[in-house]
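Chains as they are written, first to last, in my numbering: chain P, 1 to 239; chain L, 1 to 239; chain C, 1 to 239.
Simulated from the structure, these hints should not be mistaken for lab results. Treat the hints loosely; a few may be bogus.
Derived coverage of chain L by chain P (criterion: at least 3 residues anywhere in the stretch with Cβ under 8 Å from a Cβ of chain P; other residues may be distant) [claimed, not checked]:
id, segment
1, 147–155
2, 196–208
3, 211–220
4, 227–233
In silico lysine to any residue, SDA-like type, Cα no more than 25 Å apart, as pairs [as the list claims (entries may be wrong)]:
id, chain 1, residue 1, chain 2, residue 2
5, C, Lys-139, P, Pro-225
6, L, Lys-139, C, Ala-203
7, C, Lys-139, P, Gly-18
8, L, Lys-54, L, Thr-14
9, P, Lys-139, L, Ser-9
10, C, Lys-139, P, Ala-33
Pairwise CB distance ranges (calculated) [what the hints assert, rightly or not]:
id, chain 1, residue 1, chain 2, residue 2, range
11, C, Gly-18, L, Gly-209, 57 to 63 Å
12, L, Ala-53, P, Pro-188, 51 to 57 Å
13, L, Glu-78, C, Asp-210, 24 to 30 Å
14, C, Ala-183, P, Asn-132, 45 to 51 Å
15, L, Gln-197, P, Pro-200, 45 to 51 Å
16, P, Ala-174, C, Gly-18, 36 to 42 Å
17, L, Gly-18, C, Glu-206, 32 to 38 Å
18, C, Pro-72, P, Glu-196, 40 to 46 Å
19, L, Ser-40, C, His-234, 25 to 31 Å
20, C, Val-79, P, Ala-174, 42 to 48 Å
21, C, Asp-5, L, Lys-54, 42 to 48 Å
22, L, Ala-53, C, Ser-40, 42 to 48 Å
23, C, Ala-39, P, Gln-193, 50 to 56 Å
24, C, Glu-218, L, Glu-185, 49 to 55 Å
Every residue, glycine too, gets a C-beta built ideally from N, C-alpha and C.
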Amino acid sequence: MIQLDRQDSVFTLTMDAGENRWNTTFVREFGKALDEVEASTGPAALVTRSTDAKFFSNGLDLDWVQDPDAHPEGGDREVFGGEFMALMGRIITLPVPTICAINGHAFGAGFMSALCHDIRIMREDRGFICANEMQIGLKIPSPELALFRHKLPANAFFETVQFARRWTGPDAQAAGVVQHVAALETLPELAHQLAEQMAPLGANRELFGDQKERLFGENAILNSPHGAAHLLKHSADYS
Amino acid sequence: MIQLDRQDSVFTLTMDAGENRWNTTFVREFGKALDEVEASTGPAALVTRSTDAKFFSNGLDLDWVQDPDAHPEGGDREVFGGEFMALMGRIITLPVPTICAINGHAFGAGFMSALCHDIRIMREDRGFICANEMQIGLKIPSPELALFRHKLPANAFFETVQFARRWTGPDAQAAGVVQHVAALETLPELAHQLAEQMAPLGANRELFGDQKERLFGENAILNSPHGAAHLLKHSADYS
Amino acid sequence: MIQLDRQDSVFTLTMDAGENRWNTTFVREFGKALDEVEASTGPAALVTRSTDAKFFSNGLDLDWVQDPDAHPEGGDREVFGGEFMALMGRIITLPVPTICAINGHAFGAGFMSALCHDIRIMREDRGFICANEMQIGLKIPSPELALFRHKLPANAFFETVQFARRWTGPDAQAAGVVQHVAALETLPELAHQLAEQMAPLGANRELFGDQKERLFGENAILNSPHGAAHLLKHSADYS
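Excised from the complex, chain P in its bound form (with noise of 0.2 Å):
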């Protein structure tokens, strides 16, 4: 369901389960594999892939949430949610480098799953990222909705939660929602190039991982009352 290897410095996570949609034994395999990339020491970065043709994850498992017990494998439905948004919360602030190949369609959790990488490179081709939430009739949670706004600019996270845009690689990219797009066959390579270079920056995970946690935790600095030129001008208070 869930590999990890490593190669030197870097971690490759690869999500093999199909459409790789998310129950809680799915949640707490990936857990497990970011257990040990963080049980690691030195210079290390991760990349995330799928080994689908089509998808990198479709979403949440729907027929579990719909009815678990008809799919046990699909583990403790109760306790999914929690779970799963803690998981995206721990994937947000990894103390390393994350770096995610999107190969195909990322929906819905899929897409959150990428958006808490630090890096995104997306099939240039084929295959659309989109928060599907509102063409459904679900509501988005709020931590979702903060997700997208903390990584995305203004225009283009309103687009994202409110019109369920579907977002091609090349629209993603000129919008600021994935970092690079590449060939479908060039696409792991550019992703564990990408992870070698950024692999020194993982070797100091307290310093690396602070700061995510400075920017995306709790009394982020960023939400401050106050603005930059009130900061700089007492900055003996807000170090």
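Position chains L and C relative to chain P; hints supplied.
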């Protein structure tokens, strides 16, 4: 002054008062058209347009602002500020998709009204959108600053409010201020097509409108002192 | 070290200390030039430039930081942090338009100083702007993080602070980090032209400076817990 037409799921609000300058009468007529949109049910989207050859909306009705007694058709001067701002707040949270067809200049209050719509299409070859307060020596009210900040990327926001930048269609599109540009002849058709596409999202007004309230309303989740990671990790507290 | 010249409405602040590295002496000389700009009246704009062939400003004066006693010309080491940050806070709220002509590398504190200006023009063919703290293992102070966050779109912000991205001129322009690029030979002329165009906005320093305070100062309106719709609907409370 303001006409509202309906063709299947698409409402078209036509401003037909020359430069379409804002006074209390104009605000109230605009509001009546919104009443009609909001009283409808089923799939719906709103297109706002102007009949003028050169102007979408050229800002406040300055003649009336400076001498309301000489222009009684403009209505009650005392209540204008609050009613205008409240109308803008109503547009930005309208529970159906809103598309603005900017056929010509949109200055000051005209730019504000365009920005309160969900999607903007601008004529590609002529016309400027501009918040010209700094240029003419006026203070931008804080709610207007907040509107620009919540709708524009940080860099486009600053140029808009501090330097009264006159955005052309192509520049506005590149900066994320408008989503589309079109030739003058095709602008109405494109606006109508987009409205037809988006109208199904308006069928569920409670969902579609509630999310706008959560984005732009009281204690908006985006403005929490906490960042995305904290909200994700404590999602039970921030549904 | 720092020269200030005036030609009609355009002040030009020239950094003439090689790599223009920041120590307390440099901060105070820069501040004296700002005193002179602020003491003027009438239309005014500031251009900041460097005489070095390769560097705009290469960051902190590290030799002095590490051994201030061996470099007494750098001034009082103890007060540096607070005085530098306060100077940045002063630039970002300077009540006249400020244009930064980035002729070469701008690293760390050099990038901060550029970003505190209103408008940036960058050499198109060579030179990087970069916040290199993560690269060299230093914590970015929170006021600096806030500065980047308030000036850059969300995606450019994250790459800048978390990955110490070295922005070229064209990439920086595409991402909204600088507003213009130019050939090295035309950079000074373009900066001067922009300053001349913008100088009239500086004539009303109270208005122009007050708005910068409202954007970037204490309890900045942009950082209200409420969104734009709420502020618009309750505009009487948020003038």
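Against the structure, the hints:
1. Counting residues of the segment 147–155 of chain L whose beta carbon lies closer than 8 Å to any beta carbon of chain P gives 6, which meets the minimum of three for the stated coverage.
2. Counting residues of the segment 196–208 of chain L whose beta-carbon sits less than 8 Å from any beta-carbon of chain P gives 5, enough to reach three: the coverage restraint holds.
3. Counting residues of the segment 211–220 of chain L whose CB falls under 8 Å from any CB of chain P gives 4; the rule of at least 3 is met.
4. Judged by the Cβ-Cβ criterion of 8 Å, the segment 227–233 of chain L is covered by chain P as claimed, because 7 of its residues qualify and three suffice.
5. Distance check on the hinted pair: Lys-139 (chain C) and Pro-225 (chain P) sit about 22 Å apart at the alpha-carbon level, within 25 Å; holds.
6. A threshold of 25 Å between alpha carbons decides the hint, and for Lys-139 (chain L) with Ala-203 (chain C) the separation of about 14 Å falls inside it, so the pair holds.
7. Between Lys-139 (chain C) and Gly-18 (chain P) the CA atoms are separated by roughly 41 Å; this puts the pair beyond 25 Å, and the hint is violated.
8. Distance check on the hinted pair: Lys-54 (chain L) and Thr-14 (chain L) sit about 14 Å apart at the alpha-carbon level, within 25 Å; holds.
9. Our distance criterion of 25 Å between C-alpha atoms is met by Lys-139 (chain P) and Ser-9 (chain L), whose separation comes to about 23 Å.
10. With a CA separation close to 28 Å, the supplied pair Lys-139 (chain C) and Ala-33 (chain P) exceeds the 25 Å bound.
11. A hinted range of 57 to 63 Å for the beta carbons of Gly-18 (chain C) and Gly-209 (chain L) is consistent with their spacing of about 59 Å.
12. For the pair Ala-53 (chain L) and Pro-188 (chain P), the beta carbons lie near 55 Å from each other, so the given range of 51 to 57 Å is met.
13. The hint said 24 to 30 Å for the Cβ distance between Glu-78 (chain L) and Asp-210 (chain C), and at roughly 26 Å that hint holds.
14. Checking the proposed 45 to 51 Å range against Ala-183 (chain C) and Asn-132 (chain P) shows it holds: the Cβ atoms sit about 46 Å from each other.
15. Checked against the hint of 45 to 51 Å, the C-beta distance between Gln-197 (chain L) and Pro-200 (chain P) comes to roughly 47 Å, which is consistent with it.
16. For Ala-174 (chain P) paired with Gly-18 (chain C), a C-beta distance near 39 Å keeps the hint of 36 to 42 Å intact.
17. Our hint of 32 to 38 Å for Gly-18 (chain L) and Glu-206 (chain C) holds, since their Cβ atoms are close to 35 Å apart.
18. The hinted window of 40 to 46 Å between Pro-72 (chain C) and Glu-196 (chain P) holds, with their beta carbons roughly 44 Å apart.
19. For the hinted restraint 25 to 31 Å between Ser-40 (chain L) and His-234 (chain C), the CB-CB distance of approximately 27 Å keeps it satisfied.
20. With their beta carbons about 45 Å apart, Val-79 (chain C) and Ala-174 (chain P) fall inside the hinted range of 42 to 48 Å.
21. The hinted window of 42 to 48 Å between Asp-5 (chain C) and Lys-54 (chain L) holds, with their beta carbons roughly 43 Å apart.
22. In this structure the supplied range 42 to 48 Å holds for Ala-53 (chain L) paired with Ser-40 (chain C), their Cβ-Cβ distance being about 44 Å.
23. Look at Ala-39 (chain C) against Gln-193 (chain P): about 54 Å separates their beta carbons, and that is inside 50 to 56 Å.
24. In this structure, Glu-218 (chain C) and Glu-185 (chain L) meet the distance hint of 49 to 55 Å, their C-beta atoms being roughly 50 Å apart.
Going down the numbered hints, you'll see the structure goes against 7, 10, while the others check out.
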